[in-house]
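Taken in order, these protein sequences are the chains called X and A.
Going by the working numbering, the residue at position 12 of the first sequence is 12; the numbering climbs one at a time, nothing skipped.
Going by the working numbering, the residue at position 85 of the second sequence is 85; the numbering climbs one at a time, nothing skipped.
Covered stretches of chain A (in silico footprint by chain X; criterion: 3 or more residues with CB under 8 Å from a CB of chain X, positions within the stretch not fixed): (1) 57 to 71; (2) 132 to 143.
Here are some, though not all, of the chain A residues that point toward chain X, as calculated from beta-carbon distances under 8 Å: (3) ASP28; (4) GLU105; (5) VAL147.
Read the hints as simulated data drawn from the structure, not as lab findings.
Beta carbons: idealized from backbone N, C-alpha and C, even for Gly.
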Amino acid sequence: MTRKDDRGHRWTDQGVQRAVIRIVRRLSPGFGRRKITRKTRLHTDLGWDDWYVLRVVGPIRATLHETLEDRVVLALRTVGDLVSCVWNGMEAT
Amino acid sequence: MKSRALGFAALLLGAHATAQEPARHQWDLLVGHSYSSARALTQPATLVLEKTRGSPLYSVLDVGALLRGSLADRTWLELGARAHAGSARPESQRVFGAVARAFREQDPLLVAIGAEYEADGSFAVERPAATAELTLLGGVPGLGTWVSPRVRLRWRPWIGVAWDGTARPYARLAADYTTGRVEAGVEGTGWLVQGSGRSFVQGDLSVRLVGGLFVTASGEAGRQPPRYEPSGRFGLGLGFRLGPS
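Throw the hints in and build the complete structure from the sequences for me.
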């Protein structure tokens, strides 16, 4: 199954997940080579505070062409929440 | 009726359904030590009861709550109230506050514009003020995120100015450390009031019991608005937190 981002590019759910995990890893340089999965918790496992989590907004807009609302991002708890949020924002094909 | 009650409860508790279906007009409720910063909200709200023979039961209460909702994609609003109270504190050292502030995020900066009301315990000194403050979202080791998974230490600075007829510039630095069930944090704020410096520091050491319930040792020292009267205390009590972790 694929969905289209705001620029009409097609993504699979696995593709969205890989792209989101790459973004999360780039924003967690201290996390080293530890595995980041959908279950990884942004605050508890990665140590992001309330405001740091907003740093995902720009890279997601640049890579996945999806605009996330800040307050929605502030309520996210896991990498899986972020993946779902991006995927649900895409248009079904 | 039951479904309306459940809906209201879900609204109050945020429900975190946002991950599956972003709701533009949902409000989240956060409860912690104070609304002064993300760090202060992460520190549990505390209630300490003190009793010595021959004297009444005294209490120390530190609690703050925020309602957070959207204004636009990059902008959101917070409405908050806080109490720094309890019968163990003299009225002049109690603080009641309320705030309305709007945040605007423009990576790498986060800016907040707000209006805040502060009063002492007898409401003899009241101080409404307009505020503006900013912080960096990140980009420096430990700023907003742990230094590393082994060193679970992070910090966040704020600079700002409050205007209540005269300008009061201030700077705030918050840091916290986590290991297992134990969390420790400190937050210090310095103000420049009519050319003279004032500062206030509060810290806590908390052990998570279950969920958002903690045993918390907390202390504070310095001078805080609205009176900037010297104060200091240390206590051990129960802590409660709802929201950020």
